[in-house]
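Now for the letters of each chain:
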Amino acid sequence: MAPRDTDHPPVTRAMRATRGHAAEQAGIDRRRFLAAASGTFGALLLAACNSEGPKSAQSLLEFAEAKNETVERALLRHTSMDVPRASAKIAGQHFPAYYVSDSVPIWDESTRGLWRLKVDGMVKRPLELSLADLASLPRIGYRLDHFCVEGWTAVATRTGVRLADIAKLAGAQPGAQYVDFASFDDDYHESWDIDSAMHPQTLVVYAQDGHYLNPSWGAPARIYSPVKLGYKNTKYLTRISFLPARNGGYWSDRGYEWYGGV
Amino acid sequence: MKRHHAVVRITHWVNVVALTIMVGSGLRIFNAYPAFARKGGTFCCYPFAGRAIPANLTFGGWLAGARNWHFAMMWVLVANGLVYLAFIYLHGEWRDLVPRRGVFHDSWQMVRFYVTARKDHPRQGKHNALQRMAYFSMPLVGILAVITGLAIWKPVELSPLTNLLGGYVWARYWHFLAMVLLVVLTIGHIFMVFTVDPYSIPSMITGRYREDLSPEARNARPLVHLLPSSATKAPDGSARH
Chain R
1 MAPRDTDHPP VTRAMRATRG HAAEQAGIDR RRFLAAASGT FGALLLAACN
51 SEGPKSAQSL LEFAEAKNET VERALLRHTS MDVPRASAKI AGQHFPAYYV
101 SDSVPIWDES TRGLWRLKVD GMVKRPLELS LADLASLPRI GYRLDHFCVE
151 GWTAVATRTG VRLADIAKLA GAQPGAQYVD FASFDDDYHE SWDIDSAMHP
201 QTLVVYAQDG HYLNPSWGAP ARIYSPVKLG YKNTKYLTRI SFLPARNGGY
251 WSDRGYEWYG GV
Chain E
1001 MKRHHAVVRI THWVNVVALT IMVGSGLRIF NAYPAFARKG GTFCCYPFAG
1051 RAIPANLTFG GWLAGARNWH FAMMWVLVAN GLVYLAFIYL HGEWRDLVPR
1101 RGVFHDSWQM VRFYVTARKD HPRQGKHNAL QRMAYFSMPL VGILAVITGL
1151 AIWKPVELSP LTNLLGGYVW ARYWHFLAMV LLVVLTIGHI FMVFTVDPYS
1201 IPSMITGRYR EDLSPEARNA RPLVHLLPSS ATKAPDGSAR H
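Residue numbers (our numbering), protein chains in the order written: chain R, 1 to 262; chain E, 1001 to 1241.
Bound conformation, chain E alone (with noise of 0.2 angstroms):
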């Protein structure tokens, strides 16, 4: 049995390729106006006005360049995010994914288990609850940076959709915002992978997965038991701790 059906193992990985270049592009046209004020107006939210992304963080080498990328790209992150989206509704794998009640629960008791408020790792299902909420939410956040999307790439002819979220400067601020989620999300999901489960990573690649290695079965925090020990070797992973 694969932990991860083979559409959902190259949906995600030609996301990494497509988000990234999308994030590296977008900061790049960023950065020819690193600011949201109208012209001879003001904006309240966004501290860092004028100051530029740093621009080893950015993609496409100068504006015409990253647009190009950018408005290329698009097409991929949205007809793969779709096939993925398709996929996961009709192939029934949501249901790992949607929160489930007490969600908000059991996540507190993995905050707690992560701070060592608690000495057992709860009791999951393919993720934890705190894995639910993230994997849940990236595409939401997903579509969320697609319409608003649109809404700053045709705010004359998709004008209802541009008003809809406030005008053209916030529909960009919204874009902004988007982008940032997604990044944060992205950054906590690989800190997670690399400290807590890093048996996961063959899974997203072969699909092979050793649950008698799952953090659950090795009682795993960030940077804690990051090694099998020799009591989880059991093959039915009932030794646990």
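Just chain R, with the same shape it has in the complex (with noise of 0.2 angstroms):
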């Protein structure tokens, strides 16, 4: 496992500024911790809390994780569709904004070119589709909840192509039963299992709420689905490979669970 830079989720640039203040906040919780193991049982059970466990509980968590996965492919269907709450109104402009650089990832074109979107690994037909190409290619429009691995919800209109539609055009092989998400955001990627990426509402979106993806947002385009949490989402989305085998992420690799199925 890759070490853990980090004890956040998807980050901003505003939470970036608070982490020197979490690290203050872990310098008093241990002394808190030297100042009960020496107090009563009870004390001393809160503050041994405050850590990531036992090191040696890491295999039983990862064998945990195996299995959930297990349970979670299992629970996976075509068929469970989102469909968010009718009182539930769309964010809008209070839609978090997540990205992994130091600043809003923006597709240059003078310095890197047209942006075209790659498709490949184990396809009979390897594409580079161009945003023209996938605004005529099928469109399809859900409002879609959005399910962050922190816990909060926010609902959008979500507009593009179905990636099992570019998939058959593509001609993926049967084999590939892993596709890799990848972008233009420093090297954030996250890879899935096929079913879920095949899900009719895992799409590559290049509107939301009507309006072309802005730049915090995912510019030019993003794969989204609501069976999958946030982090496996990838934005600044640059390349699709279709692949026998999985290929780790961004925050899986950093600990997060890889399927984060929802």
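If you are wondering where the hints come from, they were derived from the structure by calculation, not from laboratory data. Check the hints yourself; a few may be wrong.
[Claimed, not checked] Quick list of the computed label-pair ranges, beta carbon to beta carbon:
id : chain 1 : residue 1 : chain 2 : residue 2 : range
1  : E       : Val1183   : R       : Lys89     : 56 to 62 angstroms
2  : R       : Ala135    : E       : Val1017   : 54 to 60 angstroms
3  : R       : Arg77     : E       : Gly1125   : 27 to 33 angstroms
4  : E       : Val1083   : R       : Pro96     : 41 to 47 angstroms
5  : R       : Pro215    : E       : Ala1035   : 25 to 31 angstroms
[To be verified] Residues from chain E that face chain R, not an exhaustive set, calculated with beta carbons under 7 angstroms:
id : residue
6  : Tyr1033
7  : Ala1064
8  : Gly1065
9  : Asn1068
10 : Pro1222
Computed from a predicted model, the values in this text were never measured in an experiment. Glycine included, C-beta positions come from ideal geometry on N, C-alpha and C.
Using the hints, put the two standalone chains together into the complex.
Next up, the structure:
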């Protein structure tokens, strides 16, 4: 497992600014731990709780994650569709913006040329799709919940192309059991199981709430599916690779659950 | 005769560990978004939105660590709970826990005794009426915690369940409230064990219990008649007060 360089899930600039504060808090907790260790059994129990737990438990946790993935895969249904509550308002400008780069990733055409979405790996016909190409493919829009690993939800209208349609267009081969979604947001990527990728609500999204994506929401295109937690849905998409094996991911390599199903 | 069967004693202590880790890791997960409102929306019923739980009450270190613990320990909690419930059903212990006719009257008498509005300890069997209510509601709230937990773990794949609970936001709230109830019941339980019947602690470890030291025999209220008096030493427990 890659070293954990952060205590946070997908971070914003604002959240990064609070890291120093978090470290201070950790220092206080360590002092409290020492104070409580000499105290009562109850205080000891409470203070001992602020840790990741014994290192020897890591293999058990990984075992549990593998078993949970089996359960989550068994629960996945292509007929289970996300339908937000009728009363739930579109988040609009309140929709959070997350990226791992130091600043909002923006595709600069003057240096990088025209943005294209590569579709490669175990496919009969590798593709390079421009935004215009994507917009000419069968368009589908859903009003969808977004489930963040942190516990918040937000509703947005997502418009784009079903990944299943793109897989068909490229001629994805039966051996491709995994899909990796790469981006130009530093080295951000996440790989998925093919079943989640072929869910009818898994979309290559280029518009949110009726407008082309703005940079803070992943322009020019992102993957989005309500059957995966937010961090699995790569923004600033550049490449979709159909693979025979899983390829980890930015947050999954840092200790977050790889499957991340909803 | 043991006061508690070995299965009850073992599941009790497994539950102590599992529940402690579930609550601690759950609070760490909660701290990643210590609020309930949907983004761009409001939530009526949580006045502490935005305030994190003190870190030394949490477990798991960071969000991913806490989630990994939470989703591993949930199986232990559920399996242990099922073993306990199956055992007390098959072995008959449920009769000591299910509220009997007059449980509210009996509970009221216990409350009156505890606030000294009544002098003598009400007659009881294995547990008093307040204990029965507490020990009966603990598994019920536990089941509620598991069901609401499933609803927020899989709000799309188990959407009928999540919708039944009012949607993801409300299901997450019910899950939080179930946790609060479990914690309140547990704190009350621990307080009463230490201030009324500390002699019951060995009975949950070795199973042995001295009836002549029971709260009824000692006429014990919280912190009152905590020590066995000479009058209570009669082996048959007849010399009460």
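For each hint, the structure was consulted:
| no. | hint | result |
| --- | --- | --- |
| 1 | E:Val1183 with R:Lys89: 56 to 62 angstroms | violated, 33 angstroms |
| 2 | R:Ala135 with E:Val1017: 54 to 60 angstroms | holds, 55 angstroms |
| 3 | R:Arg77 with E:Gly1125: 27 to 33 angstroms | violated, 49 angstroms |
| 4 | E:Val1083 with R:Pro96: 41 to 47 angstroms | holds, 42 angstroms |
| 5 | R:Pro215 with E:Ala1035: 25 to 31 angstroms | holds, 27 angstroms |
| 6 | Tyr1033 | holds, 4 angstroms |
| 7 | Ala1064 | holds, 4 angstroms |
| 8 | Gly1065 | holds, 4 angstroms |
| 9 | Asn1068 | holds, 5 angstroms |
| 10 | Pro1222 | violated, 17 angstroms |
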